[in-house]
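Position chain B relative to chain A; hints supplied.
Taken in order, these protein sequences are the chains called A and B.
If you count the first sequence from 1, you need to add 5 to reach this note's numbering.
If you count the second sequence from 1, you need to add 86 to reach this note's numbering.
Keep in mind the hints are simulated off the structure, nothing from the lab.
Any given hint could be a false lead.
Unchecked claim - Chain A side only, calculated, beta carbon under 10 Å to chain B, not exhaustive:
(1) Gly70
(2) Ala73
(3) Val74
(4) Met100
(5) Leu208
(6) Gly211
(7) Ala214
(8) Asp217
(9) Lys218
(10) Tyr219
(11) Glu221
(12) Phe222
(13) Met225
(14) Glu243
(15) Arg250
Ideal Cβ placement from N, Cα and C applies to all residues, glycine included.
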Amino acid sequence: MQVVEGSYAIAHAVKRCRPDVISAYPITPQTHIVEDLAQFVADGELECEFVPVDSEHSAMSVALGASAVGARAYSASTSQGLALMWEVLYNVSGMRLPVVMTAVNRAMSAPLSIWNDQQDTIGARDSGWIQIYVEDIQEAHDAMIQGYKIAESKDVMLPLMVCADGFILTHTYEPVVLAEQIEVDDFLPPYEPEYFLSVDNPLSFGCFAEPDKYMEFRYMQHEAMDRARIKIKEVADEFGKAFGRYYGGLIEGYNLDGAEIVLLTFGSIIGTIKEVVDREKNVGILKIRSYRPFPLVEIRDALKDAKVVAVIEKDFSAGFEGALFTDVKAALYNHINDLKMLGFVVGLGGRDVRADDILEIIKRSKSAMDGGITDEWQFIGLRGELL
Amino acid sequence: MKLRIGAIADPGTSVVNLTGGWRTEIPRITPELCIRCFNCVIYCPESAVKYSDKEGIYFDYDYCKGCGICSNECSGHAIYMEMEEK
Numbered sequence: 006m007q008v009v010e011g012s013y014a015i016a017h018a019v020k021r022c023r024p025d026v027i028s029a030y031p032i033t034p035q036t037h038i039v040e041d042l043a044q045f046v047a048d049g050e051l052e053c054e055f056v057p058v059d060s061e062h063s064a065m066s067v068a069l070g071a072s073a074v075g076a077r078a079y080s081a082s083t084s085q086g087l088a089l090m091w092e093v094l095y096n097v098s099g100m101r102l103p104v105v106m107t108a109v110n111r112a113m114s115a116p117l118s119i120w121n122d123q124q125d126t127i128g129a130r131d132s133g134w135i136q137i138y139v140e141d142i143q144e145a146h147d148a149m150i151q152g153y154k155i156a157e158s159k160d161v162m163l164p165l166m167v168c169a170d171g172f173i174l175t176h177t178y179e180p181v182v183l184a185e186q187i188e189v190d191d192f193l194p195p196y197e198p199e200y201f202l203s204v205d206n207p208l209s210f211g212c213f214a215e216p217d218k219y220m221e222f223r224y225m226q227h228e229a230m231d232r233a234r235i236k237i238k239e240v241a242d243e244f245g246k247a248f249g250r251y252y253g254g255l256i257e258g259y260n261l262d263g264a265e266i267v268l269l270t271f272g273s274i275i276g277t278i279k280e281v282v283d284r285e286k287n288v289g290i291l292k293i294r295s296y297r298p299f300p301l302v303e304i305r306d307a308l309k310d311a312k313v314v315a316v317i318e319k320d321f322s323a324g325f326e327g328a329l330f331t332d333v334k335a336a337l338y339n340h341i342n343d344l345k346m347l348g349f350v351v352g353l354g355g356r357d358v359r360a361d362d363i364l365e366i367i368k369r370s371k372s373a374m375d376g377g378i379t380d381e382w383q384f385i386g387l388r389g390e391l392l
Numbered sequence: 087m088k089l090r091i092g093a094i095a096d097p098g099t100s101v102v103n104l105t106g107g108w109r110t111e112i113p114r115i116t117p118e119l120c121i122r123c124f125n126c127v128i129y130c131p132e133s134a135v136k137y138s139d140k141e142g143i144y145f146d147y148d149y150c151k152g153c154g155i156c157s158n159e160c161s162g163h164a165i166y167m168e169m170e171e172k
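Excised from the complex, chain A in its bound form (with noise of 0.2 Å):
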C-alpha cells in the first residue's frame, strides 16, 4: 500500500491496463492523470501511442479510430472538456467500441467553475456510455481495471466511463493497493474484436442506416446495456476473488439492515455520509455504483422495507430536479408506493457538502416520515442572504 494522489492511482491502474493509445486534452482537475500517463510513456514504462491533440473533439475522435482499428483506447477528461466530446461519445457508442475513459467530475460553466459537481456526466447520461461512479481513490483505480473488462466483453461491446469527483478524488491523497503487472494481466485478457478495421479486410463502422433500421441498431445498445447489468455484477465478483477488493455490483448498501431512513447517492460524498450514518439509528445508505445501466431492481429491492428516500446528488434538470432522483423515483413507481421520497440537491460548484448538511437531510427526512410538511425537492447549503 502506497499513499500516493488520486490521479496517479488512476494513471497507474491504465498503465497496467496495457492501453496501446492514450489520447486526451489537459482540463482541470483532470490534467494530472494525463500528465502521469505521458510520464510513463516518456520514461518508456508504458509502450502506448500517446497522442496529443488540439481539443478534447479530436481526442475522443482519435480513441473512436484507434479502438476501431482493435486498440485497446483511453481517454480522460471533464465538465466543458467532456461536453466538447459529445457528439464522438454518441459515434463511440453508436460503432460499439469499447473506449474507457475517465470522466473527471467538474461543474459546468457558466459562472466558470473548476471545481466539483456531477453535472457533466449526468449530461452524457443518455450517450450510451456505461457509467460508473465511484466512491474513494482505491475504487477509482480498481473500476479503470474493471472498465476494460465489462466494456470489451463480447456480449457488452459499449465504452464505459468512470466518473470521478474532480479535486476530491483527482487531487487528494489515500494510502491505494497499487495493481500489480502480473495482477492486471491475469485478470484483464488482450482485446480482441470480433470486427475491426484493417487493409487486408475491410470494413466500414458506422454506416448509414435509414428509418427502416436506425431503430435496430439502437435497440441492440439497449440490449447490451441490459447485458451489461450482468457483466458489471459478474466482473466486480471476479475483482473481488483477485484482488480482494469488493464494492458491490450495480449498488452497495451501508447500514440497510432495519434502515427506516436510506440516504441514496453516487460518489465520493458517500465517506461523508458515512461518518454522519455511523451516528445515526436506523439510517443506512444506497450508493449507486452503476447508474447506466440503472439498477431498477437492484434498488427496489434494497428499499422495500425503507420509510423514507432521500436522494441526494450535485447536478439537477433545470426546470424539473435532480436527475438521479428522478430515476429512482421512476424505478420505484408501480412497484413500491408507500415509500417518502425526497430529493436534495448540494454541492453544487465545488461547495463542501458538510456533515450538518446530511443531519439536515436526515432531519427533514425524519420530519416526512413522522408525517411533517416538507418540500419533495429542495436545494440544501444556499445562501440566503446572497439571494
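Frame of chain A, contents of chain B only:
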C-alpha cells in the same frame, strides 16, 4: 439481412442497403411522350433511371430518392412526380 452491431458493414455492400426510403414523391413516365433524349439517365444522381430497348426508360425504386431531377430535366415532359403512398 441481419444487422451487425455498430452499423459495421463489409465493403461493396452499399448495394444491399436500399436507400429508396427517403422518397416522398415517386417518378412516373408517360412512355408516348419520351423522345429518348436520356437527360434523365444522365442527370440522375443515384443512377436509378434505367433504359432498355424492351422497356424504354424505367426507374430503380430501390435506390430512387425521389429528388425529381429526372422530371425537371425531361425535355418531353414525359416524367412527372406523384405523391407516394406508403
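Going down the list of hints, with the structure as the test:
Proximity of A/Gly70 to chain B is violated relative to the hint, the smallest CB-CB distance being about 14 Å (cut-off 10 Å). The interface hint given for A/Ala73 holds, since its Cβ lies 9 Å from the closest Cβ of chain B, which is under the 10 Å cut-off. With its C-beta approaching chain B no nearer than about 13 Å, A/Val74 sits outside the 10 Å limit, and its interface hint is violated. Taking 10 Å as the C-beta contact cut-off toward chain B, the hint placing A/Met100 at the interface holds, the least distance being around 4 Å.
About 6 Å separates the beta-carbon of A/Leu208 from the nearest beta-carbon of chain B, less than 10 Å, and the hint is met. Given the 10 Å rule on beta carbons, the hint for A/Gly211 holds: about 5 Å separates it from the nearest Cβ of chain B. The interface hint given for A/Ala214 is met, as the beta carbon of that residue sits about 6 Å from the closest beta carbon of chain B, less than 10 Å. Here the hint on A/Asp217 is kept, as its CB sits about 5 Å from the closest CB of chain B, short of 10 Å.
The beta carbon of A/Lys218 is positioned within 10 Å of a beta carbon in chain B (closest approach about 6 Å), and the interface hint is therefore held. Among the interface hints, the one on A/Tyr219 holds; its C-beta lies about 9 Å from the nearest C-beta in chain B, closer than the 10 Å criterion. About 5 Å separates the beta-carbon of A/Glu221 from the nearest beta-carbon of chain B, less than 10 Å, and the hint is met. Taking 10 Å as the C-beta contact cut-off toward chain B, the hint placing A/Phe222 at the interface holds, the least distance being around 6 Å.
With 10 Å as the threshold, the beta carbon of A/Met225 comes within range of chain B, its nearest partner Cβ sitting at about 6 Å, so the hint holds. Taking 10 Å as the C-beta contact cut-off toward chain B, the hint placing A/Glu243 at the interface is violated, the least distance being around 24 Å. Hint status for A/Arg250 relative to chain B: violated, with the closest Cβ pair at about 32 Å, above 10 Å.
In summary, the numbered hints that this structure violates are 1, 3, 14, 15.
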